[in-house]
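Residue-level listing of the chains:
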Amino acid sequence: MLDAFVGGLILVFQWKSFLYLLLGAGIGFWVGILPGLGGATTLALMMPFIYKMTPQEALPFLLGMHSVVQTTGDITSILFGIPGEATTVATIVDGYPMAKKGEAGRAIGAALMSSLIGAVFGAMFLAISIPIVRPLVLAFGSPEMLMVILLGLTCISSLSGQDRRGLLLGLLSGGIGLLCSLVGQDRQAGILRFTFDSLYLWNGLPVIPVLVGLFAVPEIVDLAVRGTAIAGDVPSGKLGKGVMQGVRDTFTHFWLTVRCSLVGSLIGILPGLGGGVAQWMSYAHATQSAKTVEEQEGFGQGDIRGVLGPGAANNSKEGAGLIPTVAFGIPASSGMAILLGAFFLLGLVPGPEMLTKHLTLTFSMVWTIVVANIIIVLVSFLFINHIAALTTIRGKLLIPFILLLTFIGAYTSTNHIGDLITVLSFGCVGYFMVRFNWPRPPFILGFILGELAETYLYVSTSRYGWDWLYRPKVIVIFLLAVAVAVYPFIQRKRLQKGESSDEI
Amino acid sequence: MKKSTIFLLVVFCLATVLFSVDRSQAAPYYEGKKIKIVVGFAPGGGYDRMARLLAKHLPKYIPGKPTFIIENMPGASSMITANYIYNIAKPDGLTIGTFNRGLPFAQLTAKKGAKFDMRKYAWIGSSAVEATVLVIRTDLPYKTFDEMLKDKSVKMLGSTGPGDSNGHLLSMLQAFLGMDLKNISYPSSADVMLAVERKELDGRGSSYSSALPFIDRGVVRPVLRGRIAEEGIENLPVDEDLVTDPKAKTLLMMRSAPDRFGRPYVAPPGTPENVMNILREAFAKVEKDPELQKDAEKNKMKITYVPAEECLKVINFILNQPEDMVNEFKKFVQF
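Protein chains in written order, with this note's numbering: chain D, 54 to 557; chain G, 12 to 346.
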């Protein structure tokens, strides 16, 4: 075990492997920054290049690319309020307001550092769980999956405003998200729901165009209307200053970062849930760390913890996501599905052998994730001032580029004109949501989890009848979900009480 | 002007004309061109991996060595791609498509949105045969299909939803053999396999190729197959042989028919015959290419060229069924 651990590291630093790792990470850097264009799509594009490579060359190349996209995706999310990746949307909620306040440097510093901690944590999680990986993954049956999805949905309460009106709007927003997830052919009976005779809608609304529309378009409109730069009235020359502050923030809230990494890893090993959920659950967890009412209300206005949480989680899920792929040949996400294809190409058979005979290679994957992220974070730190300076460019000059990138990114989703229509439609929805103070994160949670919830409810009941309700693990996760749903109210009560007693 | 000058000029002109004619005759149709393969599914799946594999090796066998590019146009069980190739793509041999082999059923059951006639595509053929099998967990007390039938417990079997032809096999087995089974659909093939691993399911209907890694690992074993066989499963019991009712036999036969063209490739209707011949020949030749074979083996794929005529024969068999048969079929296959 230990020699495989060290052997894996040595494998990564063989000059050829390392060169490919650099190449992969370099590509991943740009893929992450470009909005819409995702890691999975790029993996598919890279596939033809690996035919002649050995596993020691191809895996650093592919993994190096795939494991850094969320790191640099955070940068786009923070700077422009546009998701660089589908998994970095949650970073926008607090990251973009920070950029507007002229704290882009600090936010990026924190995002990069937390990404690095997340990546290392995820890789360690993968390394440590290798001996117990099989029982760990097998412990989650469909009923347990359903409960985890429910747990995800209860985060809506933390993601909404804390007064009664805010909660109502949050629930409504989540409900509309759920409704939108119903679009398409239902999985059980094949009935077409809300497809309006359009084949495009058969598979449901595609996630990336919806996300991009909802988050990017309102910000672009806002930028155009303000007529200033993103960091409008902030004197120039102050921007890059906060970088070290951001790094320090990460260590001030070190345990929060670690806890959010753990959330990411736990979600990551469950096939099907993926980063779309992990980021929001960890964001919700971050909001729970508020110590005063003002702090609680400050989330969404640019609280550094709102950047740290998702920053860590979307990277830590990467290592954990490898677990089912490597150990069972069952991919946890679309990116992992393509990676699985690469495994076959390289003559590797995923399964128990990867944890015994090819353990060194498996550990080299762990190290690849760590090393690639360290490199990219260091490189990003070098350029951070220049990157942050983008927020001082006048909006009029920036908007055409952002629009172009946004539309190209969305169009790569299915290469169909419908992608663009979806962006524009959800752009309108997003605009009005912002205008009337409806929280957007609950919508996303409802939208991503709706279909999964429906499927696993169906699978659980048709497989187990109602017996699944009595499974001990189901009950435990259910109680946890109730706790997560109720916590914000208890927290608020407690905070208010604490404040009033302070006044006395 | 001197006579010799005029003579030279004439010769020069003639030569230019002759050379240019000669050049245009010699230049192959595909020289300097790009062929786009439109794939009806997202990157990473079996259809996509096959297309990318072929794209790598096909240029060797097409005069002029065109470049191949892949475009994924997923959606509606690949009906978007089928419609695109049928109605929009130019019939110039520069756009070809690959889509769900079950699409003839969409046409047969007159699915709304299916804007194509399977018989009218310019068929290139298929690059693989995809047999359907029933696989069960190796740790179950019953080892063969016969024993499985005799076992009285309810079988929990998985599939991936209404468009999944492997799932149709399950519902037919339930109806024709009176098997006590539950057909439970999961989001994707991977989810079904995980459910099998954690013993939530006893087995699943699957294409043989996608079950193969799990068969090799000893997680599942195949116990029954459809009419179409592949190397290694010829001796399994065949679903049709187990039923006596001729109607049931035909329905099972219809279900498994498209397995014959597991990875279909078509060009838009009306693509010129000489271009089609180039493409068909290339597909036929590439099957035997040793480098392709090696890559395919690595991919755990098997390349078998099924000629266009054969694909069309299967399609005609499906589409020419009498109406009562079609109505019966619709009970099992909604597409």
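Source of the hints: derived by calculation from the structure; they are not laboratory data. Just so it is clear, the structure is predicted and the values come from calculations on it, not from any experiment. Accuracy of the hints is not assured; some may be wrong.
Claimed, not checked - Covered stretches of chain D (in silico footprint by chain G; criterion: 3 or more residues with CB under 8 Å from a CB of chain G, positions within the stretch not fixed):
hint	stretch
1	437-451
2	474-484
3	512-521
Claimed, not checked - Derived list of chain D stretches under chain G, where covered just means 3 residues or more per stretch with a C-beta under 8 Å from a C-beta of chain G:
hint	stretch
4	252-258
5	367-374
Beta carbons are placed, not taken as given, at the ideal position from N, Cα and C, and that holds for glycine.
Legend entry - Given coverage of the stretch 512-521 of chain D by chain G, checked by CB-CB distance under 8 Å (3 or more): holds (count 3)
Legend entry - Given coverage of the stretch 367-374 of chain D by chain G, tested with a Cβ cutoff of 8 Å and a minimum of 3 residues: violated (count 0)
Legend entry - 8 Å C-beta test of the stretch 252-258 of chain D against chain G, three or more residues: holds (count 4)
Legend entry - Coverage of the stretch 474-484 of chain D by chain G, judged on three or more residues with CB within 8 Å: violated (count 0)
Legend entry - Stated coverage of the stretch 437-451 of chain D by chain G [criterion: 3+ residues, CB within 8 Å]: violated (count 0)
Going down the numbered hints, you'll see the structure goes against 1, 2 and 5, while the others check out.
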